[in-house]
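*Asks:* One-letter residues, chain by chain:
Protein chains: 4
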Amino acid sequence: MNFLNETFHNQLDLTITIFQNKYYKKFLHELVSGQLDMDRLDYLKRDSFFTGVNEGVIGEDRIIKMLNVRNDSLVSEQKGIYSIERFLTARRLMYWQVYFHKTVIASEILLENLLLRAKDLAKQGVELFATPSLHYFLYESYNLNRPEDLRTAINHFINLDDNDIFTSAKEWSTHTDKILADLSQSLLNRKLNHVEISDHKIDHNRNEKISNLILKRYNLKSRKDIKYYFTNNIISNHTYAPTEENIRILMNNGDIKDLHEVSDIINLGGLTKITEKYFLCYPKEITEF
Amino acid sequence: MNFLNETFHNQLDLTITIFQNKYYKKFLHELVSGQLDMDRLDYLKRDSFFTGVNEGVIGEDRIIKMLNVRNDSLVSEQKGIYSIERFLTARRLMYWQVYFHKTVIASEILLENLLLRAKDLAKQGVELFATPSLHYFLYESYNLNRPEDLRTAINHFINLDDNDIFTSAKEWSTHTDKILADLSQSLLNRKLNHVEISDHKIDHNRNEKISNLILKRYNLKSRKDIKYYFTNNIISNHTYAPTEENIRILMNNGDIKDLHEVSDIINLGGLTKITEKYFLCYPKEITEF
Amino acid sequence: MNFLNETFHNQLDLTITIFQNKYYKKFLHELVSGQLDMDRLDYLKRDSFFTGVNEGVIGEDRIIKMLNVRNDSLVSEQKGIYSIERFLTARRLMYWQVYFHKTVIASEILLENLLLRAKDLAKQGVELFATPSLHYFLYESYNLNRPEDLRTAINHFINLDDNDIFTSAKEWSTHTDKILADLSQSLLNRKLNHVEISDHKIDHNRNEKISNLILKRYNLKSRKDIKYYFTNNIISNHTYAPTEENIRILMNNGDIKDLHEVSDIINLGGLTKITEKYFLCYPKEITEF
Amino acid sequence: MNFLNETFHNQLDLTITIFQNKYYKKFLHELVSGQLDMDRLDYLKRDSFFTGVNEGVIGEDRIIKMLNVRNDSLVSEQKGIYSIERFLTARRLMYWQVYFHKTVIASEILLENLLLRAKDLAKQGVELFATPSLHYFLYESYNLNRPEDLRTAINHFINLDDNDIFTSAKEWSTHTDKILADLSQSLLNRKLNHVEISDHKIDHNRNEKISNLILKRYNLKSRKDIKYYFTNNIISNHTYAPTEENIRILMNNGDIKDLHEVSDIINLGGLTKITEKYFLCYPKEITEF
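Residue numbers (this note's numbering), protein chains in the order written: chain A, 418 to 706; chain B, 418 to 706; chain C, 418 to 706; chain D, 418 to 706.
It is worth saying that the hints were derived from the structure and are not from the lab. There are no misleading hints in this set.
Ranges between beta-carbon positions, derived for each pair:
#1 C:Glu423 with D:Asn670: 52 to 58 Å
#2 C:Lys519 with A:Asp459: 42 to 48 Å
#3 B:His518 with A:Asn419: 48 to 54 Å
#4 A:Asp489 with D:Lys462: 45 to 51 Å
#5 A:Lys519 with D:Lys462: 25 to 31 Å
#6 A:Glu625 with B:Lys674: 29 to 35 Å
#7 A:Ser450 with B:Phe436: 50 to 56 Å
#8 D:Met455 with A:Lys519: 27 to 33 Å
#9 D:Leu567 with A:Lys519: 38 to 44 Å
#10 B:Tyr516 with C:Lys519: 33 to 39 Å
Straight line, CA to CA, 27 Å or less: simulated BS3-like cross-link-like pairs of lysine-lysine:
#11 C:Lys462 with A:Lys462
#12 D:Lys519 with C:Lys496
#13 D:Lys674 with C:Lys519
Keep in mind it's a predicted model, so treat the numbers as computed, not measured. Even glycine gets a Cβ: it sits at the ideal position worked out from N, Cα and C.
Construct the complete structure from the given sequences, taking the supplied hints into account.
*Replies:* Given below as structure tokens:
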């Protein structure tokens with residue numbers, strides 16, 4: 418952010434001050450980073466439109482119209498409560514139904530594993546095709562505490578995009594390292610892993626069983642390679658996180674209350690806990706029965 | 418309903434049995450009368466479309482797709498939870514923002530008071546113009562426990578619609594009874610009362626003050642006539658009533674749980690209490706300061 | 418309009434001057450009454466929304482944005498041509514698909530015939546129930562050239578609405594005049610005539626045949642009564658009428674041209690002819706084979 | 418297409434026969450390639466949705482519902498005329514307002530010029546970074562009449578996508594060839610040329626003037642290099658091309674007519690002429706006054 422500010426000749430001073438919540442008008446920080454910030458309103462609307470998930474529709478106009486400032490802090494008028502409830506449930510729905518959709522999880526993990534494999538090969542000294550910026554992150558050693566490294570790394574990072582990944586994956590898809598080639602082909606052909614989501618921690622035995630099946634099926638040389646094919650992890654939902662500041666409601670009588678005190682439907686219990694789900698992600702060929 | 422069945426030569430036997438929840442497939446009764454019945458889905462969708470309240474949009478397709486039957490009872494699959502949360506918050510929003518809109522409340526009360534005044538005049542023997550079916554309800558005495566009276570009353574009731582009311586109101590608008598004429602003109606010219614909604618019971622003194630102002634302003638002969646101009650009442654929200662059967666969720670592991678046990682956002686506290694708001698409805702001309 | 422102006426103490430002077438095209442800014446008249454006037458944009462949008470005919474959607478925002486004034490006359494910028502073509506085709510579609518829908522035609526004709534029958538009976542001195550304003554038009558003789566009659570007639574006309582019609586029809590539905598009772602019941606029960614639309618004039622023989630069938634089927638006393646059941650008429654489309662002023666386009670080079678000169682799709686031939694279709698409207702019970 | 422068929426073990430035989438219009442059911446060919454083919458309906462709908470151009474909305478459901486087959490040829494029922502008019506005007510609007518939007522034209526030309534420059538440098542023997550498939554087309558000589566070349570070319574062509582282009586452009590953006598570097602940077606930074614559209618052929622002098630300005634401004638060594646910065650060309654609209662088969666309407670009386678015979682709005686004149694517009698595309702820095 419500071420490098421950006423340099424590039425723009427300090428025109429971002431105010432923006433950065435607000436962003437870091439050091440500006441004296443605190444409500445501006447809430448507008449860019451809070452439970453009801455403008456970014457959240459924007460991406461919910463955009464994503465529900467483009468994914469065709471009509472249920473994610475929110476009344477951003479009305480939410481914004483209900484916003485006000487009291488004691489240097491964002492508040493919503495009391496009659497905006499229902500729109501905020503709609504926003505919070507829309508957000509939850511979009512998270513669990515879209516952002517945590519099995520296809521999204523499997524895609525992200527495939528991408529991670531592909532880069533992980535490339536990085537591991539690079540560490541072992543295997544020479545891989547890579548676009549210059551990707552090459553930097555695979556092969557160079559850098560120390561982000563040193564300003565000159567930081568600057569170079571940022572420049573390469575900015576330059577990286579999906580073009581670098583896909584172009585490299587196209588090359589890697591015919592590489593002699595079977596794992597790298599496998600993962601590259603999967604990415605290019607949208608051959609995604611199966612994802613299993615559960616409310617409960619995955620049983621250790623089940624884990625072992627899948628690991629062994631993968632070891633055998635993919636003829637892996639080492640148990641350490643299982644991780645490129647099999648992921649066991651957690652997704653969690655931050656709908657209305659207790660560590661952040663609450664959404665405040667300006668009551669008709671002038672009082673200011675927290676949303677959960679005045680909404681009959683928003684659950685205080687739900688606020689203080691982060692919902693976590695457990696998932697397994699493994700190739701569709703693996704059948705366990 | 419039974420008269421209807423006669424008219425249709427008992428073709429409604431099954432329908433009535435389901436409606437009265439005497440049919441052996443209990444889930445059919447839940448589909449026509451429950452917390453998640455088809456009528457609720459239908460009118461929410463219709464009303465949010467025609468009122469232009471986009472926030473009321475629900476994913477009825479997905480809700481229906483998630484429905485299943487277990488132990489002769491409607492359940493929703495676990496991944497349908499978010500859509501049901503959306504449905505419940507949409508319902509709440511539509512109630513407080515549309516169905517309990519001040520214009521709706523004022524209109525309903527005006528209609529009630531107009532008919533109340535007409536009925537009171539009829540009781541006093543004043544002869545009013547009225548369409549035949551309206552005339553029956555204003556002037557006839559009937560005993561609904563007597564089958565022939567019930568049948569006549571039902572036929573007149575079915576025949577009544579807004580045409581009877583408006584046609585009569587047009588006539589009444591020039592009647593010598595000032596109250597009847599006043600209320601009729603208000604109905605015809607959409608001259609609606611002011612509505613004041615509050616979370617708290619209205620203070621007795623305030624009540625008295627408004628009553629006195631009305632008495633004076635409209636030159637009423639008796640305090641009993643204040644009721645035609647001034648209403649002090651309660652609206653309450655039945656979003657998810659505790660006395661009805663809960664919405665049940667079929668968990669991924671086969672368990673069946675109540676919605677409030679598994680939704681992080683739906684508040685158990687909110688479920689067991691009916692939200693009530695207090696309102697005053699009085700002519701806009703009345704100013705109290 | 419002039420009576421209205423009196424009521425409003427001449428506040429409508431300017432409006433009326435514009436409406437009568439006597440105001441010096443001629444383009445204002447085009448905005449309220451022209452081929453591209455605001456009323457047309459408004460009702461097309463409204464009607465396509467509420468009828469659910471998505472095809473009638475128009476880009477009224479863009480059309481308005483493209484409007485400009487040249488030589489005291491409305492013009493559209495050249496790049497607005499496509500939006501205007503969309504508007505004209507939407508209008509055509511709405512006319513033939515919605516406004517001239519068989520249900521609409523049959524309803525209008527039923528209403529006309531019912532009032533025609535009531536009027537004819539009134540002329541014969543038959544006393545019918547009627548709300549006061551409807552009674553005026555059925556039984557009073559008035560001369561609209563006499564100011565006092567005109568004023569009375571206007572007041573009664575303004576007071577007339579569907580409540581008067583439906584309330585009267587409810588009464589008439591049990592009248593001893595079989596035709597009046599028949600038509601009233603049809604109106605109340607939405608029992609509409611069949612409508613047959615054709616590009617060609619209806620053959621005289623076919624006309625005769627249907628007339629005779631109706632005469633017999635409804636046991637009519639006179640051939641003159643056939644008209645209450647059977648209508649043979651024309652509907653015509655005024656999409657872009659040649660007698661009105663053309664839509665003018667402001668070309669990029671500053672020239673002003675008529676729409677049909679610069680649109681490749683809007684047909685000059687089509688402009689100068691009014692499309693007419695012939696229709697028959699008769700009871701569904703009448704079968705001719 | 419034949420290679421694809423091989424890959425799919427001749428499962429595409431029927432598809433190809435239909436596509437080449439050699440199948441005995443001729444109307445199937447019209448469904449995949451005609452004035453009213455399914456692809457056109459599909460992309461209009463998709464593009465108007467994603468570009469937010471509501472005016473492009475068409476009633477594809479109704480158009481399809483109105484389709485029928487007569488004499489082995491697609492026809493639309495007469496009452497589908499208005500929907501087809503809507504489709505044709507939507508298509509025209511989308512072409513001139515979206516597909517021929519200045520941003521689209523400038524982007525396409527920039528892409529063409531970048532590849533043209535790369536190809537020209539490759540021909541001169543300059544070695545450029547290129548992904549393998551792009552490298553093939555830049556440097557290899559192939560003869561598409563030779564089956565083995567055709568097969569290789571097709572495989573490389575299939576493998577090419579925007580990743581190859583953007584990855585190469587990122588590399589080229591720092592190349593010593595100033596033109597290549599310029600165009601690459603323009604592509605990466607969305608720095609698009611100005612586009613000027615006109616109904617008339619561009620005046621020769623104007624053309625010369627801009628050419629000279631570019632020559633000077635970009636310090637070009639040769640007039641031949643102007644083409645990388647400056648394009649003077651034609652866009653044309655194929656809304657309803659006269660050389661293709663007409664859309665046929667099945668009249669209510671059983672006759673089959675061409676659309677332009679029965680639509681009052683679709684212009685025969687417009688059908689037989691292809692609308693052409695002239696455009697200039699040159700850098701925004703070039704100012705001519």
